[in-house]
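Asker: For chain B, the structure is supplied; the task is to place chain Y on it using the hints.
The listed protein sequences correspond, in order, to chains B and Y. First residue of the first sequence? That's 66 in my numbering, and the numbers climb one at a time after it. First residue of the second sequence? That's 152 in my numbering, and the numbers climb one at a time after it.
Because the hints were derived from the structure by calculation, they are not lab data. A portion of the hints provided could be inaccurate.
Only pairs whose alpha carbons sit at most 30 Å apart, straight line, appear in this in silico DSS-like list of lysine-lysine [what the hints assert, rightly or not]:
| hint | chain 1 | residue 1 | chain 2 | residue 2 |
| --- | --- | --- | --- | --- |
| 1 | Y | K279 | B | K220 |
| 2 | Y | K335 | Y | K281 |
| 3 | Y | K502 | Y | K544 |
| 4 | Y | K302 | B | K220 |
| 5 | B | K158 | Y | K281 |
| 6 | B | K220 | B | K192 |
| 7 | B | K164 | B | K220 |
| 8 | B | K295 | Y | K173 |
| 9 | Y | K452 | Y | K502 |
| 10 | Y | K231 | B | K295 |
| 11 | B | K164 | Y | K281 |
| 12 | B | K208 | Y | K281 |
| 13 | B | K350 | B | K337 |
| 14 | B | K290 | Y | K171 |
| 15 | B | K208 | Y | K279 |
| 16 | Y | K452 | Y | K486 |
| 17 | Y | K302 | B | K158 |
| 18 | Y | K180 | Y | K170 |
| 19 | Y | K502 | B | K164 |
| 20 | B | K290 | Y | K176 |
| 21 | B | K328 | B | K290 |
| 22 | Y | K176 | B | K295 |
| 23 | Y | K471 | Y | K483 |
| 24 | Y | K177 | B | K290 |
| 25 | Y | K335 | Y | K502 |
| 26 | Y | K483 | Y | K452 |
| 27 | Y | K483 | B | K290 |
| 28 | B | K350 | B | K328 |
| 29 | B | K158 | Y | K279 |
| 30 | B | K220 | Y | K281 |
| 31 | B | K295 | Y | K471 |
What the simulated footprint calls covered on chain B by chain Y, stretch by stretch (three residues with Cβ under 8 Å from a Cβ of chain Y suffice, anywhere in the stretch; the number is not a length) [said to hold, decoys possible]:
| hint | region |
| --- | --- |
| 32 | 138-149 |
| 33 | 152-164 |
| 34 | 220-228 |
Nothing here was measured: the structure is a model prediction, and the numbers come from that model. Glycine included, each C-beta is placed from N, C-alpha and C at the ideal position.
Each chain is listed here by its residues.
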Amino acid sequence: MQSSPLANPLATVAQLETSGSQLDGIPIDLENSVRFDGARLTQAAGILLRLPQEVIAQAIVVFMRFWVGPEGGSLAEFGAQQVSAASMYLTTKLSAYTKSARSIINVYTYLDSLPSTFVDPAQLQAKKAEEYYVSEGTYQRRKMELFETEQRILKVLGFQVQVSLPYSLCITYLQALDVFSHPRASDLASRAMAHLNTALLSPQVLYLTHQPPSLATAAIYLAAKEVGIKLPDVEWWEVFDTDREELGFLVVALLSVESFAAKERASWGSRKVPMTVDDLEAEMKKSANGED
Amino acid sequence: MASRWANDEADKAEDLRRKKEKEEKKRLKLQKQQAEQEAAAVAAARAAQRSESRPAKRRRLSTDAPDSDEPPKEKESERKLLRFAAGGWAPCRHTSNFETLNHIEEGSYGWVSRAREIGTGEIVALKKVKMDLNQDGFPITALREIAILQKARHTNIVDLREVLAGSAPNEVVLAMEFLEHDLKTLQEDMPEPFLASEVKTLLRQLASAVGFLHGHYILHRDLKTSNILLNNRGHLKIADFGMARYIPPPSAPLTQLVVTLWYRAPELLLGTESYGTEIDMWSLGCIFGELLLKEPILQGKNEVDELSLIFTLCGLPTDKTWPAFWRLPNAKGLKIPRDSGRNSAGVIRTKFPFLTNAGADLLTSLLSLNPEHRPTAQEMLDHPYFREAPKPKPPEMFPTFPSKAGQEKRRRRASPNAPKRGEAPGIQNIDFSGIFAIRDEEQAGAGFQLRVG
Numbered sequence: 066m067q068s069s070p071l072a073n074p075l076a077t078v079a080q081l082e083t084s085g086s087q088l089d090g091i092p093i094d095l096e097n098s099v100r101f102d103g104a105r106l107t108q109a110a111g112i113l114l115r116l117p118q119e120v121i122a123q124a125i126v127v128f129m130r131f132w133v134g135p136e137g138g139s140l141a142e143f144g145a146q147q148v149s150a151a152s153m154y155l156t157t158k159l160s161a162y163t164k165s166a167r168s169i170i171n172v173y174t175y176l177d178s179l180p181s182t183f184v185d186p187a188q189l190q191a192k193k194a195e196e197y198y199v200s201e202g203t204y205q206r207r208k209m210e211l212f213e214t215e216q217r218i219l220k221v222l223g224f225q226v227q228v229s230l231p232y233s234l235c236i237t238y239l240q241a242l243d244v245f246s247h248p249r250a251s252d253l254a255s256r257a258m259a260h261l262n263t264a265l266l267s268p269q270v271l272y273l274t275h276q277p278p279s280l281a282t283a284a285i286y287l288a289a290k291e292v293g294i295k296l297p298d299v300e301w302w303e304v305f306d307t308d309r310e311e312l313g314f315l316v317v318a319l320l321s322v323e324s325f326a327a328k329e330r331a332s333w334g335s336r337k338v339p340m341t342v343d344d345l346e347a348e349m350k351k352s353a354n355g356e357d
Numbered sequence: 152m153a154s155r156w157a158n159d160e161a162d163k164a165e166d167l168r169r170k171k172e173k174e175e176k177k178r179l180k181l182q183k184q185q186a187e188q189e190a191a192a193v194a195a196a197r198a199a200q201r202s203e204s205r206p207a208k209r210r211r212l213s214t215d216a217p218d219s220d221e222p223p224k225e226k227e228s229e230r231k232l233l234r235f236a237a238g239g240w241a242p243c244r245h246t247s248n249f250e251t252l253n254h255i256e257e258g259s260y261g262w263v264s265r266a267r268e269i270g271t272g273e274i275v276a277l278k279k280v281k282m283d284l285n286q287d288g289f290p291i292t293a294l295r296e297i298a299i300l301q302k303a304r305h306t307n308i309v310d311l312r313e314v315l316a317g318s319a320p321n322e323v324v325l326a327m328e329f330l331e332h333d334l335k336t337l338q339e340d341m342p343e344p345f346l347a348s349e350v351k352t353l354l355r356q357l358a359s360a361v362g363f364l365h366g367h368y369i370l371h372r373d374l375k376t377s378n379i380l381l382n383n384r385g386h387l388k389i390a391d392f393g394m395a396r397y398i399p400p401p402s403a404p405l406t407q408l409v410v411t412l413w414y415r416a417p418e419l420l421l422g423t424e425s426y427g428t429e430i431d432m433w434s435l436g437c438i439f440g441e442l443l444l445k446e447p448i449l450q451g452k453n454e455v456d457e458l459s460l461i462f463t464l465c466g467l468p469t470d471k472t473w474p475a476f477w478r479l480p481n482a483k484g485l486k487i488p489r490d491s492g493r494n495s496a497g498v499i500r501t502k503f504p505f506l507t508n509a510g511a512d513l514l515t516s517l518l519s520l521n522p523e524h525r526p527t528a529q530e531m532l533d534h535p536y537f538r539e540a541p542k543p544k545p546p547e548m549f550p551t552f553p554s555k556a557g558q559e560k561r562r563r564r565a566s567p568n569a570p571k572r573g574e575a576p577g578i579q580n581i582d583f584s585g586i587f588a589i590r591d592e593e594q595a596g597a598g599f600q601l602r603v604g
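The following block holds chain B by itself, in its conformation from the complex (with noise of 0.2 Å):
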């Protein structure tokens, strides 16, 4: 093992195996939903906040990082959306574009007001402004909110909030890939950038569980399959520090987002998926009278 200033320090098996949640009794089902549509709904609010991608994903990360091990945070205590606000603060803070906690809350009770988790973008035109305005009130008990759950996700991680990401190294690996010159070589980047994209949402924590050179590696492998564009007959993912067998598990683990995706858009259609505590409890309420 070597460290280097591209890892990132990653999930242990026991982390893997249990989670806070489950302790508390939620369902891995459930906290897999609610783990997706945070993650979701962070990266939502960081567009909204016009924040470079870069800075989402490690939110994003930060974000998946606290829910993880038995030591990790529990949905029946901590929000998903309190959690995605504080992570997406704590980001900000550490980059060069910091954003007031105003713009943070303001940002999440837009999203919060939207009628449904997997919304048509139709509806966005028709919202009005009092939907989500937020009073001087509401917004000091937010604001108290948002700075005690940034302390605990410092604590809980034991202040590990720094995430390095495969984004750059991608296109470093596309280049020394010598693909720049093919006509549809900005197909390729674009692509081998969105499975980076996805992998962030993935319910197997790909970026808790894998370091960014695999990451890209199994990117651009996936995006120049589809996009048609032969790489070298060789085992060059070799050359970037990933073996056939982690290769081929992201690789499977890419293409199964899309249909976790499309099943949770199924089976939650036009309902909220549970984003504060209050909801999650009347949720699991809810599912075990439906089971009665």
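Answerer: Relative to the frame of chain B, chain Y by itself:
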């Protein structure tokens, strides 16, 4: 004419593309054929031909129809891939795992104390972060400090072991390795300055740490002797990254209110908002001078006084030595004779009479008014000063000193803190219209004033 060129370029590109496409088609066709008549001698011959011309591309290892004439696969076990690790994460441990032995210092950033880890008996320095939760949540400076210390693992940078949580929700404590001395307190208690060979060893370790930081896009922004620690084995480490930050993308403004006054570079005093690693190199120059004289060399009482001390020591900026000078925000408020010739030369050489020529050259270049003329940390390490006699003293040969931090509360002498704090009482009293009256006979009353506000 221009359009002809453009046409030519386009044609060429188009030709190239067509040629490539053709090649690609040809290659695909050949591949198919190969797969179909794998055993056929014709295909084998063709493949051999091509594998000669483009060996790298023809070695297929992962196809459904491997060429029969290819060299056998390399064994998997022969190739060893690099594996990188950066540990994992776990919740912060509680401060009760440590017992406090004695307090070392209390600064603007928090309290530092010496403590022992109960489980292992190891001695560490604990630094409590001052927190005001109601402002912006967890203090951004502390967050940056922790983030940077986690990344900056270097033998001459203080090691952050872990971050501890206290019983109060807003209590956060950094556990760092303990070093016996800081250079400021140590020099105050030493009867004589460091020897030339010792200064070299210290400076070399310092430059190597700063080079590492700059290489990792980190600005320290508060280098001074009280932030530089030394253990009893001559090993130097930079500490206190409370002002440090990553070099942001270009064009993002940086605050000019950084670096303790006595170590602050002239471009910062003049209000620049785009600065870089050169400001740390200026501080290194100040520290170099301080190690030689055993006391800070530029003890300004305020920004204007500091500037006038700098100009007294290093000379006046001229259009030739620092063309960008007049474009700095605060420069407009200054009245400086434009072409004062010889008079504007600095007095570094006379102030450090015992320094060798190479040493004076290094010090002068570090204290260049124009940031572009300062050497980088790497250039500094390559300077002949470190190669000439006396050679740098091996750290293990360093003398040991009684440790103030280890046993008793330190006697604090007034010195300025990092910016935003009040100014420290100065020692010299410089009438700076006087400096320029002597230096510039032609222009009567050629002092300069800083326009405030």
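Asker: Each hint: holds or not?
Answerer: Against the structure, the hints:
A threshold of 30 Å between alpha carbons decides the hint, and for Y:K279 with B:K220 the separation of about 15 Å falls inside it, so the pair holds. Under the criterion of a C-alpha separation no larger than 30 Å, the hint pairing Y:K335 with Y:K281 is consistent with the structure, at around 23 Å. With a C-alpha separation of about 24 Å, the suggested pair Y:K502 and Y:K544 falls inside the 30 Å cut-off, and the hint holds. The hinted pair formed by Y:K302 and B:K220 meets the criterion: a straight-line CA distance of about 18 Å does not exceed 30 Å.
For the proposed pair B:K158 and Y:K281, the alpha carbon gap of about 17 Å is at most 30 Å, so the pair holds. Straight-line distance between C-alpha atoms of B:K220 and B:K192 comes to about 38 Å, which puts the hinted pair past the 30 Å bound. Of the pairs offered as hints, the one joining B:K164 and B:K220 holds, with about 22 Å between alpha carbons and a cut-off of 30 Å not exceeded. A distance of roughly 15 Å separates the Cα atoms of B:K295 and Y:K173; the hinted pair therefore holds under the 30 Å criterion.
For the proposed pair Y:K452 and Y:K502, the alpha carbon gap of about 20 Å is at most 30 Å, so the pair holds. Straight-line distance between C-alpha atoms of Y:K231 and B:K295 comes to about 25 Å, which keeps the hinted pair within the 30 Å bound. Proximity of B:K164 to Y:K281 is assessed by CA-CA distance (about 22 Å); at most 30 Å being required, the pair is judged to hold. Taking the CA atoms of B:K208 and Y:K281, the gap is near 20 Å; set against the 30 Å cutoff, the hint holds.
A C-alpha spacing of about 15 Å is found between B:K350 and B:K337, which places the hinted pair at or below 30 Å, so the restraint holds. This hinted pair checks out: B:K290 and Y:K171 have alpha carbons roughly 19 Å apart, not beyond 30 Å. Of the pairs offered as hints, the one joining B:K208 and Y:K279 holds, with about 24 Å between alpha carbons and a cut-off of 30 Å not exceeded. For the proposed pair Y:K452 and Y:K486, the alpha carbon gap of about 20 Å is at most 30 Å, so the pair holds.
Note on Y:K302 and B:K158: the hinted pairing holds, with a Cα-Cα distance of about 17 Å set against a maximum of 30 Å. For the hint linking Y:K180 to Y:K170, the alpha-carbon distance of about 15 Å falls within 30 Å, and the restraint holds. Note on Y:K502 and B:K164: the hinted pairing is violated, with a Cα-Cα distance of about 49 Å set against a maximum of 30 Å. With a C-alpha separation of about 17 Å, the suggested pairing of B:K290 with Y:K176 holds against the 30 Å cut-off.
Taken as a hint, the B:K328 and B:K290 pair is honoured in the structure, with Cα atoms around 25 Å apart against an allowance of 30 Å. For the hint linking Y:K176 to B:K295, the alpha-carbon distance of about 12 Å falls within 30 Å, and the restraint holds. For the suggested pair Y:K471 and Y:K483, the alpha carbons sit about 18 Å apart, so the restraint of at most 30 Å is met. The suggested pairing of Y:K177 with B:K290 holds, with an alpha-carbon distance near 20 Å, which does not exceed 30 Å.
Among the hinted pairs, Y:K335 with Y:K502 is consistent with the structure: their alpha-carbon atoms are about 21 Å apart, no more than 30 Å. Simply put, Y:K483 and Y:K452 have alpha-carbon atoms about 22 Å apart, close enough for the 30 Å limit, and the pair holds. With a CA separation close to 61 Å, the supplied pair Y:K483 and B:K290 exceeds the 30 Å bound. A threshold of 30 Å between alpha carbons decides the hint, and for B:K350 with B:K328 the separation of about 22 Å falls inside it, so the pair holds.
For a cut-off of 30 Å, the pair hint linking B:K158 to Y:K279 stands: about 20 Å separates their Cα positions. Of the supplied pair hints, the one linking B:K220 and Y:K281 holds, its CA atoms being roughly 16 Å apart against a limit of 30 Å. At most 30 Å may separate the alpha-carbon atoms for a hinted pair to count; B:K295 and Y:K471 exceed this at roughly 56 Å. Requiring three or more residues with a Cβ within less than 8 Å of a Cβ of chain Y, the coverage given for the region 138-149 of chain B is violated, as only 0 such residues are present.
Check on the region 152-164 of chain B: 6 of its residues sit with their Cβ under 8 Å from a Cβ of chain Y, so the three-residue criterion for coverage holds. Note: the region 220-228 of chain B has 8 residues with beta-carbon separation from chain Y under 8 Å; the three-residue rule is met and the coverage holds.
The structure is inconsistent with the numbered hints 6, 19, 27, 31, 32, although it conforms to all the rest.
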